[in-house]
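**Student:** The chain contents come next:
Number of protein chains: 2
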Amino acid sequence: MYYIGIDLGGTNIAAGIVDENGKIIKKDSVPTKHERGAEAVCLDMAKLAEKLIADSGIDRAQFKAIGVGIPGLANFETGFVYKCANLYWENVEMSKIMHTVTDLPIYLENDATVAGLAESVAGISKGYDNSIFLTLGTGVGGGIVIGGKIYTGNNHIRSEIGHMTFDVHGEECPCGNRGCWERYASATALINMGKKAVEEDPESLILKKAGSVDNITARDVIDSAREGDKTACKVYDQYIYYLAMGIVSLIHLFDPEIIAIGGGVSGAGEFLLEPLRKEVYKHVFCADIGYAKIELATLGNDAGIIGAAMLGK
Amino acid sequence: MYYIGIDLGGTNIAAGIVDENGKIIKKDSVPTKHERGAEAVCLDMAKLAEKLIADSGIDRAQFKAIGVGIPGLANFETGFVYKCANLYWENVEMSKIMHTVTDLPIYLENDATVAGLAESVAGISKGYDNSIFLTLGTGVGGGIVIGGKIYTGNNHIRSEIGHMTFDVHGEECPCGNRGCWERYASATALINMGKKAVEEDPESLILKKAGSVDNITARDVIDSAREGDKTACKVYDQYIYYLAMGIVSLIHLFDPEIIAIGGGVSGAGEFLLEPLRKEVYKHVFCADIGYAKIELATLGNDAGIIGAAMLGK
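Top line first, the protein sequences correspond to chains C and P. Its first residue numbered 980, the first sequence is counted upward by one per residue in our numbering. Its first residue numbered 980, the second sequence is counted upward by one per residue in our numbering.
By construction, these hints were calculated from the structure, which means they are not laboratory data. Keep in mind that a hint or two might mislead.
What the hints assert, rightly or not - List of simulated lysine-lysine pairs, BS3-like, C-alpha gap at most 27 angstroms:
id : chain 1 : residue 1 : chain 2 : residue 2
1  : P       : Lys1272   : C       : Lys1128
2  : P       : Lys1292   : P       : Lys1261
3  : P       : Lys1261   : C       : Lys1062
4  : P       : Lys1062   : C       : Lys1257
5  : P       : Lys1128   : C       : Lys1105
6  : C       : Lys1292   : P       : Lys1128
7  : P       : Lys1128   : C       : Lys1272
8  : P       : Lys1062   : C       : Lys1261
9  : C       : Lys1272   : P       : Lys1272
10 : P       : Lys1292   : C       : Lys1128
11 : P       : Lys1128   : C       : Lys1128
12 : C       : Lys1128   : P       : Lys1105
13 : C       : Lys1062   : P       : Lys1272
The model shown is predicted, which means the values in this text are computed figures rather than measured ones.
Make a model of the complete structure from these sequences and hints.
**Tutor:** Here is the structure:
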């Protein structure tokens, strides 16, 4: 059997035919152009899926379902999307609209959750029953897999890992709460920490790399730390500590076999993993008994398509 | 079939015969006297179990297993206890020692986890697939039930809910980390907050009730707040906020159907639940979609026996 996976992003709708093992057979994409409104986007997703099937030369009966990873909150049983902030969607009958074009069953899930499923089916977390996927980007997204399946909870909240309270007296988060972990562990957090640091030390390599404070990227901070810039090292160490302590919390709560790290910051590779593991294992309860492996996610951008496709399996 | 449940405490070993529905048929107990060493205590547990069976008049073949809730950390597959701090146990072959007295299969689990299982089998969380039990006492213990079963993780860490990082720059915790949730949400935390408050306001009713700063109990703070003492109300509101924000984190992560609250502080009843629910629902993501019920645990001290027994089911 084959499955269609769709990764609905702010810029592009990426879709692919995926086999039962999570291997992408064929990919295609169209621009999202969300300014056209939700209906046009939903129709385009369904058309792209049908186009992929038609172009593939594979018997249509071999296709089991369409899965969609959405950057938002939905009722995953009914296919009703409550909100996708990036797309300006509110209360969209996604599956219903798509079904005017395609008769295949449609599944949807949060995009970070979907990426976690992908890693557990075909990526670094393959072969582990319990895994957590973290994506360190604008925010911190997460996917929790328990017993080989997405852990879903009951009210469609779906592993909002970035919104654990991490610093109860800390920074305000756009979600309305204070001190959410993503204010400390996202790429955005690293950037903000870098900006603050160069205000105190304008000589820092961070600023030389970025050109201006406004242009500072996570990569500027990471590369400057890698080159030994003192201020950058201090910022990066602090960031690693924040990231580690949130992961320690997740280990204390879920005790998974593996934690897979993706998203922009994971581009730092071993320069991230090595100090991160050290810090986590220093602080985790009973490190002598056992603890989760910490590894880089391996599927990159394909995780969205693969995971979405696997929703229908 | 029947099951023996044993609640291994610092003062008493409480045991009971429990039926398949989690109903206690008969109870018995002996003093723990841990100063005798671990072997004597393990033998007493096994003997107490066998005595209960012999005294019950029920055919021995009707007993399926013995379960033990331990206040510590163990390898739950092998019955090897790594550590029970309260009992001064380290590296105890609990099941092996008990098997010199009884041939019934022996299961063990962390005591808070066991209490969570009990609530989900025969208490307030009965009928819910996904539930979390919190016990607010000396620390904050927890039991996570997913799909009707204890969520176990992989390395015997077992839902150390009290040790989520909650205030990353905050108070040191005896576990070695900083700002663990139990430093803010346990009965101990409420007591410490009360002590601090009466130093600033020695006129507070809290001090009148307690007699001296050293004697302040969680109940003194709660009762003083109930009677409208300003300082006590301030302390209690702050405590409720801390408790609520940790629960919000748990909802964001697990999205359970119900959170059951037990332990000393839960004695405050509706005076705890009402403001707690208000605070949680104010801060939880998407309160308009749905969220966990928050209720009092109903089994009290029996939860230990019932949950331990249900380990063998």
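**Student:** Taking the earlier hints as the rules, which of them does this structure contradict?
**Tutor:** 2, 9
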